[in-house]
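Protein chains in written order, with this note's numbering: chain A, 404 to 749; chain B, 404 to 749; chain C, 404 to 749; chain D, 404 to 749.
If you are wondering where the hints come from, they were derived from the structure by calculation, not from laboratory data.
Be aware that one or more of the hints could be misleading.
All copies of an identical chain are treated as equivalent in the list; a pair is satisfied when it fits inside any one copy or across any two copies.
The calculated lysine-lysine pairs, modelled on DSSO-like cross-linking and capped at a C-alpha distance of 27 Å, are [to be verified]: (1) 508 to 495; (2) 459 to 672; (3) 497 to 592; (4) 592 to 701; (5) 444 to 459; (6) 459 to 681; (7) 459 to 497; (8) 672 to 541; (9) 592 to 444; (10) 592 to 459.
Since this is a predicted model, take the numbers as computed values, not measurements.
Protein chains: 4
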Amino acid sequence: MIKVGIIGSTGYAGVEIVRLITQHPEAEVVWYGSRSYVDQKYAEVFRNMFEIVDAKCLEDNMDELADAVDVIFTATPQGLCGSLVNEEILNKVKIVDLSADFRIKDVATYEKWYGITHQSPQFIEEAVYGLCEINREKTKGARLVANPGCYTTCSILSIYPLVKEGLIDPKSIIVDAKSGTSGAGRGAKVPNLFCEVNENIKAYGVTSHRHTPEIEEQLGYAAGEEVLINFTPHLVPMQRGILVTAYANLTKDVTYDEVKAVYDKYYAKEQFVRVLDKDVCPETRWVEGSNYVDVNFKIDERTGRIIMMGALDNLIKGAAGQAVQNMNILFGLEENAGLQQIPMFP
Amino acid sequence: MIKVGIIGSTGYAGVEIVRLITQHPEAEVVWYGSRSYVDQKYAEVFRNMFEIVDAKCLEDNMDELADAVDVIFTATPQGLCGSLVNEEILNKVKIVDLSADFRIKDVATYEKWYGITHQSPQFIEEAVYGLCEINREKTKGARLVANPGCYTTCSILSIYPLVKEGLIDPKSIIVDAKSGTSGAGRGAKVPNLFCEVNENIKAYGVTSHRHTPEIEEQLGYAAGEEVLINFTPHLVPMQRGILVTAYANLTKDVTYDEVKAVYDKYYAKEQFVRVLDKDVCPETRWVEGSNYVDVNFKIDERTGRIIMMGALDNLIKGAAGQAVQNMNILFGLEENAGLQQIPMFP
Amino acid sequence: MIKVGIIGSTGYAGVEIVRLITQHPEAEVVWYGSRSYVDQKYAEVFRNMFEIVDAKCLEDNMDELADAVDVIFTATPQGLCGSLVNEEILNKVKIVDLSADFRIKDVATYEKWYGITHQSPQFIEEAVYGLCEINREKTKGARLVANPGCYTTCSILSIYPLVKEGLIDPKSIIVDAKSGTSGAGRGAKVPNLFCEVNENIKAYGVTSHRHTPEIEEQLGYAAGEEVLINFTPHLVPMQRGILVTAYANLTKDVTYDEVKAVYDKYYAKEQFVRVLDKDVCPETRWVEGSNYVDVNFKIDERTGRIIMMGALDNLIKGAAGQAVQNMNILFGLEENAGLQQIPMFP
Amino acid sequence: MIKVGIIGSTGYAGVEIVRLITQHPEAEVVWYGSRSYVDQKYAEVFRNMFEIVDAKCLEDNMDELADAVDVIFTATPQGLCGSLVNEEILNKVKIVDLSADFRIKDVATYEKWYGITHQSPQFIEEAVYGLCEINREKTKGARLVANPGCYTTCSILSIYPLVKEGLIDPKSIIVDAKSGTSGAGRGAKVPNLFCEVNENIKAYGVTSHRHTPEIEEQLGYAAGEEVLINFTPHLVPMQRGILVTAYANLTKDVTYDEVKAVYDKYYAKEQFVRVLDKDVCPETRWVEGSNYVDVNFKIDERTGRIIMMGALDNLIKGAAGQAVQNMNILFGLEENAGLQQIPMFP
């Protein structure tokens, strides 16, 4: 059994890692890290785990942790993972970082968008951007995986094939994204109260959301040129789910079948990416509780644009599920081990 | 007192007209039309009206109705109003049509997008598109007002000043809209069940939603040239509210202050359009229960685009409230009579 | 115009008072008290008030406030009003206290259930328990009104006629109550986050909720004997609304008509209490946004019990609306002034 | 592999059976019955099954079905299963009936509460009431299992130990229950629309809900005497979950530890019933997505009553999960096979 340690196990992404690993056939959680709940029973924080998890929450002790486990998931605020890693740690244990610390190759870009001084820029180069469907081969053998953001996973997977194949103008991409509220975390803040979120929708972080440069960088690799996008996230009164509606100008006349073939080229063999049937729009409910991403597109001949859409569960394929998928790749397991949950509806 | 008749009073827009008119100082509902609930007490259909409305629902009898009232609101499916109006009716009574029948000047466009043969194309020309803030003067003295759609009201008011002043390229406009579920009406359909809508977000009518040509026509008048847009509506798990996030390329370098001045030029004197403070994004909760539209914008210097945003209550400014506002204009009342409700939060 | 000051104007009950008074024909808010937002514009805290309220939030300065206004609403945590009132203040200004400080006549009971030492027990005797439909006459001329709790208003009005007329055994009463989340206040606490409240229902404060002795005291006055009840509140994933389902043993065989006559005896002339038609169950949506309480009952001949039900909007009849109703009584205005909003649906 | 046929596979309970069986290690669905969607691909009805289930929906053909499968789940309206079974069918195949047809031993009681003439009263006697934790032994070897109702499973498991041990007066039991909306089924009805359910709570079926006699019969067996209860269900704006709050008079003075020991006597060895820690109230979110029932109690010394509480996922332990649990018992599998999902939060 692979021994798993989690730093930040009492956030929403943390408890989802716990849920997935507890049902994983070849891994087990042996370290429930949580600064906020040290010495408290984990099942008292998350009572769904009553009679399932008996352990208590532990302080962050990176050295002790690195000796105790085979892989560490850091489900923590930006900057923490960067402050914890060092050569010795990385030689002992694999790290899958769910924060943004190692996602962006250009440290200046990271520091500008996040307003943080990076504590370990020397490891950025070797870190692998863990978008499994694209970087699977690079991840094998890695020591440090930067688990992608929730919005970015959904955005990139929706757009990637068309950028890669040159069917859309990378300068014309607009991503309008919508997220459930678990993406805002479990911090006690007025804007996340039930009465503030319910019966409301709003945009936030307009022109300034931190997932923007992450999407731009990854799509830039695919395009072979610099990509600038507009990315606008919205908060939706639901718990889980991200929906991306992306717009771009087509570079040439294309038919439905031609574009479908491009999506299939990249995703037909992927278990977790489902290219939907013609005219079926992705909906978050059809992926909730699973590691799936549903994608599709619609050509608008009137305007010469294409609308690309994607849906995923922000806590699974957008966070914990992809982290487990990366763990599976790192340790040579079946990539879908522990991740075969069927979406739950209603 | 102005006597009001409502055809379709037992839909969501219908009951909202009833609520507004019942509190209106100079109007009263004297005809509660409803095909589905003929002879049933209105307050048994909508129990909020218990001990407030004592009347029963009546069949559509256009002749009798035209004799009994001063103004008719048609809150009915597409095609019905078109089949009911004639010269005699219009000489007796004002009509405010909440359906799309008289919104679009080009009958071929109407018939193509709606898949309906128009029954009264001869009245399209005289019908006034009742977007009050733009067409107020034309509405005075009209016989037939085409009350704008919910998405269109929000979209046009968010974008109009910049198109009118030539600050954005009208060919580059993309409108990504999000609506609460009351916009889907009160019909008993599986897709509108609680368990289907809740915990879900989806796009629908992608590239084909019927509000597209309505927005294009009105923005076209402002631009002085043909406008083609992408319009994508989404269904959000909330009852009321529409949020529009619109994107366009700026035609020149502009500052925040310059753009703000343009919005103020058109809206500073408008009671129901609130241009928000810098960097404040419209949210549907802040307008719910009122006739307000909140608008704002954000310039993205990186991409040369501007993001325009608007929020309104789809049943009020997006339907019943604007209909009452049009009635007020038609009858020379204070334009805000019966419409001064403060948004209700939470 | 009656000048109104609000201590605690930035909670959910506070903003509802502001909304109601702003639309009141004979009153105006001149003091927006808020410890948390001193010197901040009120409309920046609650953006529904943008372009409607221009004032800034003020610190609690009881002396200055008492000179500036005719009536003070205290929408504050338990204990604060008790610490602020004194003879001088009460001689200058009317006080409507939305906290529990002056609701319970026995100070020992108050101190036991609330765990607070009462700071002004000398004023408990003169304070009038402001359940308008029952204590209207006592309220006229009062200096200090204890505005009832939300659960208690709904519970008492649902049960009162049957206790008063001796139709039910007061020792057998069980009140199972359900509340929307605005009742939990606007404090930033994890249990009130969207993701914690949504898709969940739970009981809380079982056998120990503080509204228990308040209901018992008031029903005891009606019964003419001590009343002990079970009261169990539940948190429901909605914003507004309280539903009470109460059970009691009938003291004799009664018919529907006999019980209906008893309810009508007390409520037929009350504008804000609606006794529903036979077999119609109260629902919170039919009172939301209004000062109404809907009540009804169902006799169970099999078990010899009666089920009494009531629904209200916890922020209006359960808090701010009843406070305004009390203000109207205190100042000799029409009791429904500013309170004639029709419930908003959907 | 056990071959499973489902009649009514396109309701909410049906799709949950499909989800559970698809992940079951020793069973597979080979017949997707659905009158409404004959010949349509199952994954087009429930798109969560896209690329997971390839089959089409089939008509009800009981003879063909009985030859094709080892067990039939009937997730259908009342009366249908009763009309389908006969000796020949029962000799070929096991039946787990999720409707009420075989739950109540007294056919007159069934016909009175359901208003239906029973088509197969001759099988009522042999049918086993499949509340697994209580009737496990009887179920082994049965041909026909009456899968309990959702409310009844939650109510009985919450109350059973205290009735069985004589700690509460069975004549005093009051059950106040709250359910998510999936319990109302997938039929297209106005009362189940999003805008009707959301932001609302109501009681329904007061004194007349059909689960009443089912609870009474089962508790009567435990009590050894006739039991009459009050049962009041409520509709809550959430998708899944039932919460029961039950009240009864204690027959003697008891301590927390004594009552806890009684619950533990019956449930300590049960995987799917969790007796919570002292003072912890069951909440539906902590069982959602799992086959667990969480129960607990609170003694009220003031009133001499005990409050018993239970929470379950109405579609799993309240329907599909218990049906699979019964299948496991029928076929001698591990009782928790395919049912080890951890509750999903948030």
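Practice item. Mind listing which of the numbered hints don't hold for this structure, in increasing order? Key: Violated: hint 3 alone.
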